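Trainee: Residue numbers (our numbering), protein chains in the order written: chain D, 41 to 471; chain U, 229 to 533.
Calculated directly from the structure, the hints in this document are not laboratory data. Please read these numbers as outputs of a predicted model, since none were measured by experiment. All C-beta atoms in this analysis are idealised placements derived from N, C-alpha and C, irrespective of residue type, glycine included. Any given hint could be a false lead.
Computed spacing ranges between beta-carbons, pair by pair [claimed, not checked]:
(1) PRO86/D <-> ARG341/U: 53 to 61 Å
(2) PRO96/D <-> MET358/U: 51 to 59 Å
(3) PRO334/D <-> GLY385/U: 30 to 38 Å
(4) ILE276/U <-> THR217/D: 41 to 49 Å
(5) PRO359/U <-> SER268/D: 40 to 48 Å
(6) ILE318/U <-> SER162/D: 39 to 47 Å
(7) GLY256/U <-> ALA89/D: 55 to 63 Å
(8) MET358/U <-> SER333/D: 56 to 64 Å
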Amino acid sequence: MALFQRIAASLLAILAMLYSPGAVADTSAVPTEKTTIEIWWHEYGPFTAYVKELIPAYEKLHPNVTINPTILSSADINQKISVALATGTGPDIMDNDASFYLLYYTKGVLEPLNLDVFGAKSYSDIIAKYTTGGLAAATFAGKVYALPYQGNSMSLFINNKEFAAAGLDPKKDAPKTWNDVIALGPKLKIVQGTRTVQKAFDFPYHSQRWEVQDFQPLTEQFGGKLLSDDGKTAYLNSPEAVKALTLWREVTKAGGDPRTTMNTPSNPNQDFVDGRVAMWITGPWATPQVQQSPVGNDFTVVSLPQVDPAKPHTLVYGWMWGVNNAKPAAEKAAAWDFVRFMLAKPDVWLGKVGFVQPVVGVDQSDVAKKFPYFDVHMKDVATGSWYLSSEFTNEITQALGRAIERVVYDGADPKASLDQAQAEAEKVLKK
Amino acid sequence: MSSAVHAESHTVRRRLRVGLAAKQAMFGYAILFPTIAILCIFRFVPMIQAFIISFSKYDLIHPPQFVGLANFVDLVQDPLFLNSFWVSLIYVVFSVLPVWPLSLALAILFNRRLVFKNVLRSAVFMPVVMPAVVMAVVWTFIYQQDGALNTILGWVGIDPIPWLRSSAFALPAVILIGIWRATPYYMVIFLAGLQAIPAEYYEAAEIDGAGHWSSFWNITLPLLRPTTLLVMVMTVIVAMKVFAVPMIMTGGGPADSTRVLPLFIYQTAFEFFDMGRASAMSVFLFVAVMLFSVAQIRIFTRGEE
Numbered sequence: 041m042a043l044f045q046r047i048a049a050s051l052l053a054i055l056a057m058l059y060s061p062g063a064v065a066d067t068s069a070v071p072t073e074k075t076t077i078e079i080w081w082h083e084y085g086p087f088t089a090y091v092k093e094l095i096p097a098y099e100k101l102h103p104n105v106t107i108n109p110t111i112l113s114s115a116d117i118n119q120k121i122s123v124a125l126a127t128g129t130g131p132d133i134m135d136n137d138a139s140f141y142l143l144y145y146t147k148g149v150l151e152p153l154n155l156d157v158f159g160a161k162s163y164s165d166i167i168a169k170y171t172t173g174g175l176a177a178a179t180f181a182g183k184v185y186a187l188p189y190q191g192n193s194m195s196l197f198i199n200n201k202e203f204a205a206a207g208l209d210p211k212k213d214a215p216k217t218w219n220d221v222i223a224l225g226p227k228l229k230i231v232q233g234t235r236t237v238q239k240a241f242d243f244p245y246h247s248q249r250w251e252v253q254d255f256q257p258l259t260e261q262f263g264g265k266l267l268s269d270d271g272k273t274a275y276l277n278s279p280e281a282v283k284a285l286t287l288w289r290e291v292t293k294a295g296g297d298p299r300t301t302m303n304t305p306s307n308p309n310q311d312f313v314d315g316r317v318a319m320w321i322t323g324p325w326a327t328p329q330v331q332q333s334p335v336g337n338d339f340t341v342v343s344l345p346q347v348d349p350a351k352p353h354t355l356v357y358g359w360m361w362g363v364n365n366a367k368p369a370a371e372k373a374a375a376w377d378f379v380r381f382m383l384a385k386p387d388v389w390l391g392k393v394g395f396v397q398p399v400v401g402v403d404q405s406d407v408a409k410k411f412p413y414f415d416v417h418m419k420d421v422a423t424g425s426w427y428l429s430s431e432f433t434n435e436i437t438q439a440l441g442r443a444i445e446r447v448v449y450d451g452a453d454p455k456a457s458l459d460q461a462q463a464e465a466e467k468v469l470k471k
Numbered sequence: 229m230s231s232a233v234h235a236e237s238h239t240v241r242r243r244l245r246v247g248l249a250a251k252q253a254m255f256g257y258a259i260l261f262p263t264i265a266i267l268c269i270f271r272f273v274p275m276i277q278a279f280i281i282s283f284s285k286y287d288l289i290h291p292p293q294f295v296g297l298a299n300f301v302d303l304v305q306d307p308l309f310l311n312s313f314w315v316s317l318i319y320v321v322f323s324v325l326p327v328w329p330l331s332l333a334l335a336i337l338f339n340r341r342l343v344f345k346n347v348l349r350s351a352v353f354m355p356v357v358m359p360a361v362v363m364a365v366v367w368t369f370i371y372q373q374d375g376a377l378n379t380i381l382g383w384v385g386i387d388p389i390p391w392l393r394s395s396a397f398a399l400p401a402v403i404l405i406g407i408w409r410a411t412p413y414y415m416v417i418f419l420a421g422l423q424a425i426p427a428e429y430y431e432a433a434e435i436d437g438a439g440h441w442s443s444f445w446n447i448t449l450p451l452l453r454p455t456t457l458l459v460m461v462m463t464v465i466v467a468m469k470v471f472a473v474p475m476i477m478t479g480g481g482p483a484d485s486t487r488v489l490p491l492f493i494y495q496t497a498f499e500f501f502d503m504g505r506a507s508a509m510s511v512f513l514f515v516a517v518m519l520f521s522v523a524q525i526r527i528f529t530r531g532e533e
């Protein structure tokens, strides 16, 4: 029976891999003439190492194709690509935060996915290979314009040692609701004199995008949303958003001192890996970093805390590969083919980089089964919606970030602060 | 006859002189040409382009659309822009005013005989040669809760200050770096000014019984007037353009408390993709800097007129 189960699981895994979006290719669609393509991506150690492995492997299969890589900081890759696209110096393959693709689509700079290269008859075939909503941030007017190499959940990481030191069991006492997080605050927070040396919990303040990544699901957990589906109407001061920001303030107060942090855009998880915060919201991609830190394997991951656990809601956040439509046809075909090649093994991505491709069956691989708390991450992905997407995502993110910071740092009233953010967003959306 | 010959030789000599002068001028222009060309291409052309784009709606990807003065009208009604301009003004006032006396005091100190003068001068000058990005990263660590600054403050019983995570302290923290970085640079300029003052003036003053203060007020300061004007104008221009430190250390936050105008211009151009508006802001900044500079020159040279 056990042997049968193992065979069945292996077959399922093989099927899942075959079913992955990049597994089947129509080689006739790939150019045979000498072609050089440029690819730009954002720096993250394991990610860069893996893509650098894939480039020579692809070039070996396609000796006529040369791939030139450029690696940029995640802090400004979106700006650099945007400027490069505008000045005609953009790469063939671009790596952008998912929320950028609506903007690029409206600007008309994206090449739709090449169905021939992927051996697909329609875009529905491609969409069907992804989890529900997995391509939502890159599907416009029925066509797919980008493919995610990561569609991460945001889940709660717990430092087991710090829980144990407070007499808590990370499994049994893990918070399920935000009120649980507040209740754990006094038990986990350590203050020496006037210095907070360990926070129980903290929201991220190193980047406004990260702030909004946590604020969006909180608003949605109250039943609201920050933007309309078409991204043209803002609801930043809705009663649900005000409740979310009020709760945010309470959680922050209970968690510790938000002014004490070592987090930076290049290392958003610094406080957690240094043991400065006992509970921290991040994605599965942080797992290798946590394992290599003093925290080691002594951590637990649970689902994102909820307002009402019966109606869970979280966030999907990720980055995608897109292709520049200003390039010659041969380059565009080769670019899509390399994207296909890169994404062909979601299990290897997970194992080597820690990125979860939101494809059907990714959870069936051996790597997924061995990956710590993969089931939790997938459960959170299943209840998540993508980061807010609009032609003006950056402006709206900043308006919301300022609203949060006014409340947290300056003691502003949540309603007044969100009213101001709404006024700023409305002005931008009228452009 | 002889007068005719004389006149002819005079004409020939004059022609030769004019020819030589023209050749020298041509040579001078030839030497200057690369610099002028580079300035035109990389300074003046972009400035003119920015001025033209400021009258248009331009998202970098589609061709610009002429919108007249709309960008400027919108700017003066935009609280975010006005806040940024205000932050820039505060930065200028509080980062520039201390630099003048500090750099002058240091210059006077280093103009005297000191033990290890060259070593000390190099040490003081270090912030100027350090790249702004490196400096910003180093200061980010210094400003952390457990950083060097809070540790030192702790020794004298002062509680840790959330330098970069507080709307109240973030701008002073950025200003402090501005002062730290600018002071040695202007010290060198003052030092050059001091060394140009003839020692005889001080010797004569000493014979007349003048003390240090009297020499400072009656000799040093008046003779440093041109240098002081240069320093004042330059410090204001440089402070109005500050970008790298707030960009790296705070990104303009918390809650826009450190979003100086150049940073807002950058965000508007390359994060919001609104080049027309960003160009209008740049024109505004240019005019503001020019007005400040002209006002400083006028005030400073009023007595001379």
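Trainee: It remains to establish, for every hint, whether it holds in the given structure.
Mentor: Here is what the structure says about each hint:
1. PRO86/D <-> ARG341/U: 53 to 61 Å: Distance hint for PRO86/D, ARG341/U holds at roughly 59 Å.
2. PRO96/D <-> MET358/U: 51 to 59 Å: violated, 39 Å
3. PRO334/D <-> GLY385/U: 30 to 38 Å: Given range 30 to 38 Å: holds, Cβ gap about 32 Å.
4. ILE276/U <-> THR217/D: 41 to 49 Å: Because 60 Å falls outside the window, the suggested range is violated.
5. PRO359/U <-> SER268/D: 40 to 48 Å: holds, 45 Å
6. ILE318/U <-> SER162/D: 39 to 47 Å: violated, 58 Å
7. GLY256/U <-> ALA89/D: 55 to 63 Å: Holds: the Cβ-Cβ distance is about 56 Å, inside 55 to 63 Å.
8. MET358/U <-> SER333/D: 56 to 64 Å: About 30 Å separates the Cβ atoms of MET358/U and SER333/D, which means 56 to 64 Å is violated.
Checked against the numbered hints listed earlier, the structure breaks hints 2, 4, 6 and 8; every other hint is satisfied.
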